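Novice: The chain contents come next:
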Amino acid sequence: MKITKTIDDIFHPRSIAVVGASQNPRSQGYQYLRFLLDYGYRGAIYPVNLTAMDILGILSYPSLKEIPGNVDYVICCINAALVRGLLEECFLKKVKAVHLFTAQLSETGDQKACLLEEEIKKDAQKLGIRLIGPNCMGIYNPRERIAFNHDLCMEPGSVGAIVQSGGLAGEIVRLAALRGVRFSKVVSYGNAVDLNETDFLEYFLWDKETKVILVYIEGTRNGRKLFKVLRRAAKIKPVIILKGGRSRAGIKSVASHTASMAGSIDTWQVVFRQTKVVQANTLNELIDLAAAFYFLPPITGKRVGIVGGGGGKSVLASDEYEEAGLEVIPIPEDIVKFLESKNPKITGWLCNPIDASILATLNLKSVDILRCMAESPEFDLLSVNTSEDSLFPGDLWVEFIEGDANGCMMVRKEGLKPIVAVVGNPEIGVSQTANWRWQTLSRLREQLTGEGVPVFSSPGRAAVAISKLVDYYQYWKEAGDE
Amino acid sequence: MTDLIKEAKAQGKKVLTEIEAKDIFRAAGIPVVKTYLAASKEEAQMISSSLGFPVALKICSTDILHKTEAGGVFLNLACAEEVGRAYDQILEMAMNRYPLSNIEGVTVQEMVVGGVEVVVGMTRDPQFGFMIMFGIGGIFVEILKDVSFRIVPLNEEDAWEMISEIKGRALLEGVRGTMPVKKEALVEILVKLSRFIEENPEIIEMDINPLFANSRGAVAADARIIME
Numbered sequence: 001m002k003i004t005k006t007i008d009d010i011f012h013p014r015s016i017a018v019v020g021a022s023q024n025p026r027s028q029g030y031q032y033l034r035f036l037l038d039y040g041y042r043g044a045i046y047p048v049n050l051t052a053m054d055i056l057g058i059l060s061y062p063s064l065k066e067i068p069g070n071v072d073y074v075i076c077c078i079n080a081a082l083v084r085g086l087l088e089e090c091f092l093k094k095v096k097a098v099h100l101f102t103a104q105l106s107e108t109g110d111q112k113a114c115l116l117e118e119e120i121k122k123d124a125q126k127l128g129i130r131l132i133g134p135n136c137m138g139i140y141n142p143r144e145r146i147a148f149n150h151d152l153c154m155e156p157g158s159v160g161a162i163v164q165s166g167g168l169a170g171e172i173v174r175l176a177a178l179r180g181v182r183f184s185k186v187v188s189y190g191n192a193v194d195l196n197e198t199d200f201l202e203y204f205l206w207d208k209e210t211k212v213i214l215v216y217i218e219g220t221r222n223g224r225k226l227f228k229v230l231r232r233a234a235k236i237k238p239v240i241i242l243k244g245g246r247s248r249a250g251i252k253s254v255a256s257h258t259a260s261m262a263g264s265i266d267t268w269q270v271v272f273r274q275t276k277v278v279q280a281n282t283l284n285e286l287i288d289l290a291a292a293f294y295f296l297p298p299i300t301g302k303r304v305g306i307v308g309g310g311g312g313k314s315v316l317a318s319d320e321y322e323e324a325g326l327e328v329i330p331i332p333e334d335i336v337k338f339l340e341s342k343n344p345k346i347t348g349w350l351c352n353p354i355d356a357s358i359l360a361t362l363n364l365k366s367v368d369i370l371r372c373m374a375e376s377p378e379f380d381l382l383s384v385n386t387s388e389d390s391l392f393p394g395d396l397w398v399e400f401i402e403g404d405a406n407g408c409m410m411v412r413k414e415g416l417k418p419i420v421a422v423v424g425n426p427e428i429g430v431s432q433t434a435n436w437r438w439q440t441l442s443r444l445r446e447q448l449t450g451e452g453v454p455v456f457s458s459p460g461r462a463a464v465a466i467s468k469l470v471d472y473y474q475y476w477k478e479a480g481d482e
Numbered sequence: 483m484t485d486l487i488k489e490a491k492a493q494g495k496k497v498l499t500e501i502e503a504k505d506i507f508r509a510a511g512i513p514v515v516k517t518y519l520a521a522s523k524e525e526a527q528m529i530s531s532s533l534g535f536p537v538a539l540k541i542c543s544t545d546i547l548h549k550t551e552a553g554g555v556f557l558n559l560a561c562a563e564e565v566g567r568a569y570d571q572i573l574e575m576a577m578n579r580y581p582l583s584n585i586e587g588v589t590v591q592e593m594v595v596g597g598v599e600v601v602v603g604m605t606r607d608p609q610f611g612f613m614i615m616f617g618i619g620g621i622f623v624e625i626l627k628d629v630s631f632r633i634v635p636l637n638e639e640d641a642w643e644m645i646s647e648i649k650g651r652a653l654l655e656g657v658r659g660t661m662p663v664k665k666e667a668l669v670e671i672l673v674k675l676s677r678f679i680e681e682n683p684e685i686i687e688m689d690i691n692p693l694f695a696n697s698r699g700a701v702a703a704d705a706r707i708i709m710e
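Same order as they appear, the protein sequences are chains A and B. Per this note's numbering, the first sequence runs over residues 1 to 482. Per this note's numbering, the second sequence runs over residues 483 to 710.
Next up, chain B with everything else stripped away, as it sits in the complex (with noise of 0.2 angstroms):
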C-alpha cells in the first residue's frame, strides 16, 4: 500500500480529489499533467503564469464528480485574465449549484496540445475481481462503449490485444496525417495499473480520462479514485 493511499484510508476517505488522485497515478508511474491546487484568484493566476499558457481551471471538490457537466471546468486558457474570469465563474457556480458542497479550490492545470483522447479505468467484478478497461475516450465514451476488459493482473499480450479490441482502434494509427500514437506506452500504462491495482486493493474504482495519447507518449489529464 503506498504511504498517499495509507493517508487518505486512515482519513477515512472515500473519493480522493484530483489532486490526490494524480499524485499516486504520478507515483505509480503513470505520467500526469502538472496540477496545482489555487486557493484564490491571484494564486491561480500566479501558477498560470509559471506554468505556462494555455492552462486549463478545474473545480475540485469531492462533492462534484462530474465537473465538466456541473460547469465546473475551462480549457485552453490563453492568458491571467482568461484564468481570473474562469476562476471567479467557477467560484460562482459552485455557490450558486452547490451551496453545501466542501470545496477544495480550483485546480490550474498544463495542457495537453494534440494526441488522441483515451480512457483508462478499474472497477470490481463481483465474480472474478478487479477489471481494467481502456477505450476511446473524449465525449463519445459513453454513446459508443467503445472499450475493452481484462481482469487483474494483466500482462503485456493482454494490454496489447486491449488496444487492438476497439473499434476505433484505427484512430491510433495517425488520422489527417498526425503520427500514431505509441502504444507502447499505452501498453505500459495498462500494466503499471495491473500491477498498482494488485498492490492497492483497497481501490475499489478509478478512472483516467482523459489520458492524453500521442507519438511521444501518453499524460493522464483527469483521474478519479474511489476507495472502500
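Same shape as in the complex, but just chain A (with noise of 0.2 angstroms):
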C-alpha cells in the first residue's frame, strides 16, 4: 500500500482501542481514553484492560481478541516488555496500525531496551503491522476528534505538523493556537522505529487539507532519504523546520582537508539551506513563523511600512526590521504630499516609521494613514506597531491603541495589503491581570488574531519571521517559473 494511504488510514482510522486503559486517572490510559469521549470522537472505542469491567463507564474488554467489532488502530499504553505479545493479538485481529505511547526503548540507550525495540520493529514488519513510535504522543486531528492533550482547540485548519517530540507536540497546537493558527493533522512519532519524519512528509505533501508544514525533528535514520524528501518537498508547500539539538558533523577526519573543516559544521544547516526549508531556531520562533505562514500571502517584496510606536520605540523597531534584512523604505512622496494637504502641522514630521505619538494631538487618523499606505504600490506589506504605553489616560490611550487595530483589521478585511501587528505582550503576573492597560492588549490581540492579522510580541519576532518568509515565496516563485 503506498505511504500516502497508509498514513491517511491512520489518521482516519473508524475504531480505536486504547490497550493499557485504565481507571486510574494518573495513567496515561485513561488520559488516552479521557481524550476520546472529551473531544467526541465518533467511532467505535475499546477500553481493553485485563482486569476492568468498564472505565469511564465504557465496556472494557480483557483483550483485543474479545472486542466483538473491527479494530483499526490501537492505542498503545502498556509496558515495553508486553508489547511483542500486543502485536501478536493485533495481527490476529486484523490490526493495521499501532501507537506506541510505550517508552523506556532505545531512547534510553540502554542496550537491552534497544534490543528490545530491533525485535520489536522485526515483529511488526513480519505481521504488516504499521508503528507509531514508540516514545510518543500519537495523531491529532480535529476533523476526527482525536487528539493527544487536553483544552487542545477542535477547529480544523490548513497547517500540518510532524513532532519528534511528545510534550512539544501539544504545546505546539496550544500556542499556535493562541496565534490563530489550526492544524489540519499532527503527529508527534518519537524514536520512529517504523513510519518516520520522511514517511509523514511525503503524506503531508500529499495531504490536501494542509498548505504549510511544521516539522520539530532531534535526530533521522535514514539522512539521505530525508533530503531528498526535503528537496522536493519545498517547491510544493513551505516546510518548517525546528531541529532540537545542535550536532557537529561527527566525521572522523581522515586525511583531507575537506574532512576535517566538516568536523566543525552542523550538516544540518547545510541541508536547510540546501533545500530551503524555513528554518526556525526557537520554539517562538517556530509559532511565529506558522502564524505568518498560515495568514499571509506569498509575499515576494521586503519593502515594508511601519506606522504606530513612539520616538524611541519607532528608531528600534527600525533597527530590527532593518537587521533582519527588511527594507525600511521611506514614505513615498505622494502619501507625504497628500497627507500634508490633509493637516500642514506634519510637514517634515512624516518618516517610516510613522511615529503613532505625533498622531495623537493632530486630527489624522492612523486608519488613514494606513489606507494611504495600504493602497500605494511602493510598499510590499505593513507593519502596525501598537503604542503599549504612552503619557494618555486609559480612556485616551485605549482610543489611541483601537484607532491602529481598527486601521490594521480594515487593511486585511479589504485585502489592501498583506499587514501583520506587533502587540507587546509583557510577562505579567497575576496581580496585574485585571488592569486595563494589560486587559486592552489582550484584548486587542484576540480580535487581531480573530480577524485572520498575524499578531507578534516584538516588532524583532517580526521582522524575522516576514524575512524568512519572503525569502521563501521569492525562492518558491522562481522554483514555479522555470
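Hints listed in this document are in silico derivations from the structure and should not be mistaken for laboratory results. Note that the structure is predicted; figures quoted are calculated from it, not measured. You may find that some hints are simply not true.
[What the hints assert, rightly or not] Covered by chain A, according to a simulated footprint, are these stretches of chain B (three or more residues, beta-carbon under 8 angstroms): (1) 593–604; (2) 612–625; (3) 631–642; (4) 688–701.
Each residue gets a CB set at the ideal place from its N, CA and C atoms; glycine is no exception.
Please dock the two separately framed chains into a single complex, following the hints provided.
Specialist: Now the structure itself:
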C-alpha cells in the first residue's frame, strides 16, 4: 500500500482500542480514553484492561480478541516488555496500525531496551502492522476529534505538524492556536522505528487539507531519504523546521582538509539551506513562522511600511526590521504630499516608521494613514506596531490604540495589502491581570488574530518571521517559473 | 566506476598518489596542471625543460600527506640547476625524516601563474552522505574556515550558492585591478565533481587544494583522493 494511503487511514480510524486503559486518572491509558470521550470521537472506542469491567462508563475488554467489532487503530500504553505479545494479538485481530505511547526503549540508550525495540520493529514488519513511535503522543486530527492532550482547539485548519517529541507536540498546537493557527493534522512520532519523518512529510505533501508543514526534529535514521524528500518538498509547500539538539558532523577526519573542515559544521544547517526549507531557530520562532505562513499571502518583496510606536520604539523597530533583512523605505512622496495637504502641521514629520505619538494631538487618524500606505504600490507589506505605552490616561490611550488596531483590521478585511501587527506581550503576574492596560492589549490581540492578522509580540520577532517568509516565496516563485 | 578507480581498488589502495588523483580528476573532466613523475634528478631536469620554466617539484608518497609541512614542496623553480637542487633536498628530507616511508619519486609540475587559490573537496557525512566543499584556499584555509558545503547531488544553482555564500567572495570579483574569476568554470567543476562522486562511491574523501581560478577558468594544482 502506498505510504500516503497507509497514513491517511491512520489519521481516519473507524475504531480505536486503548490497550492499557485504566481507571486510574494518573495513568496515560486513562487519559487517552478521556481524550476520545471529551473531544467526542465518533468511531467505536474499546478500552482494553485485564481486570476492569468498565472504564469511564465504557465496557472494557480483557484483551483485543474479545472485542466484538473490527479494530483499526490501537493506542498502546502498556509496558515495553508486553508489546511483542500485543503485536501478535493485533495481527490476529487484523489491526493495521499501532501507536506505541510505550516508552523506555531505545531513547534510554540501554542496550537491552535497544534490542527489544529492534525485535518490536521486526515483529511488526513480519506481521504487516505499521507503528507510530514508540515514545510519542501519536496523532491529533481535529476533524476526527482525535487528540493527544487536553484543551486543544478542535477547529480544523490547514497546518500539518510532524513532531518528534511528545510533550512539545501538544504545546505547539496550543501556542499556535493562541495566534490563530489551526491544524489539519499533527503527529508526534518519537523513536520512529517504522513510520518516520520522511513518511509523514510525504503524507503532508500529498494531503490536500495541509498547506503548510511544521517539523520539530531531533535526529533521523535515514538522512539521504530525508534530504531527497525535503528537496522536493519546498517546491510544493512551505516546510518550517525546528531542529532540536545542535550537532557537529561527527566526521572522523581521515586525511583531507575537507573532512577536517566538515568536522566543525552542523550538517543539518547545510541541508536546510540547500533544500530551502524555512528554518526556525527557537520554539517562539516556529510559532511566529506558523502564524506568518498561515495568514500571509505569498509576499515576494521586502519593502515594509511601519505605523505606530513612539520615537524610541520606532527607532528600535526600524533597526530590528532592517537587521532582519527588510527594507524600511522612505514614505513615498505622493503620500507625504497628500497627508500634508490634509494637515499642514505634520510637514516634515512623516517618515517610516510613522511615529504614532505625533498623531495623537493631530486630527489625523492612523486608519487614514494606513489606507494611504496600503493603496501605495511602493510597499510590499505593512506592520502596525501598537503603542503599548504613552502619557495618556486609560480612556484616551485605549482610543488611540484601538484606532491602530481598527486600521489594521480594515486593511486586512479589504485585502488592500498584507499586514501584520505587533502587540507587546509583557510578562505580567497575576496581580496585573486585571489592569486595564494589559487587558486592552490582550483583547486587541485576540480581535486582530480573530480577523486573520498575524500578531507578534515584538518588532524583532515580526521582522524575522516576515523576512524568512519572503525569502521562501521568492525561491518558490522562481522554482515555479522554471 | 572509472577504470583508474577500479584498478586502485583491486590493488587495495587507501590513499592515491597525487599523480593518480590528478589522472582521475582529469578523466572526470576537471582541468589539472601537467604533472609527471621523475625517478631521478636528471629525469626531473629533463621534464622541467620540456614543460618550460618555472616548475614545481613535490614529493610523491602516499605516506606523506602534508607535503608542504614536511618540506617536500618547492615552487617557482626557474632553471635546471634549481630543479636539481630541489630534487636533492626533497630526497634528503625524505631520507632523514621518513626513512621507512614508501617514496615513489618526485613530481615535476607546471606552475600556474596568477589567479585566486580556492579549495574544492568532498567528504562523507554519517547522516546525509557525500558533501562537497568550496572555499577560499591558500595558507589561511584552516584558520579562516571560510568554506561552504552542499549535499550531493549538486545542481548548478547549489554550486552558485556555494560560491556566493563564502565571506571572501569579493576575492573572486577581482582584487587590485585583476580580472574577475570565471565563476562558471567553478560551477562546472563543482557539478562535475558531484556527478563523479555519485558514480564512484568508493571514494570517501577528496581535496583539490589549491584550485587556481582566474578569468579564463580554473585548474587543479594539487589533488588528493582517499578510498574506502
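Novice: Hint by hint, say whether it matches the structure.
Specialist: So, going through the hints one by one against the coordinates:
1. Using a Cβ-Cβ cut-off of 8 angstroms, 3 residues of the stretch 593–604 of chain B lie near chain A, which meets the minimum of three, so the contact claim holds.
2. With 5 residues bearing a CB less than 8 angstroms from a CB of chain A, the stretch 612–625 of chain B meets the requirement of three and the coverage assertion stands.
3. For the stretch 631–642 of chain B, the assignment as covered by chain A holds, since 4 residues bring a beta-carbon within under 8 angstroms of that chain's beta-carbons and 3 suffice.
4. Three residues within the 8 angstroms Cβ limit are the bar, and the stretch 688–701 of chain B against chain A gives 3, so the coverage statement holds.
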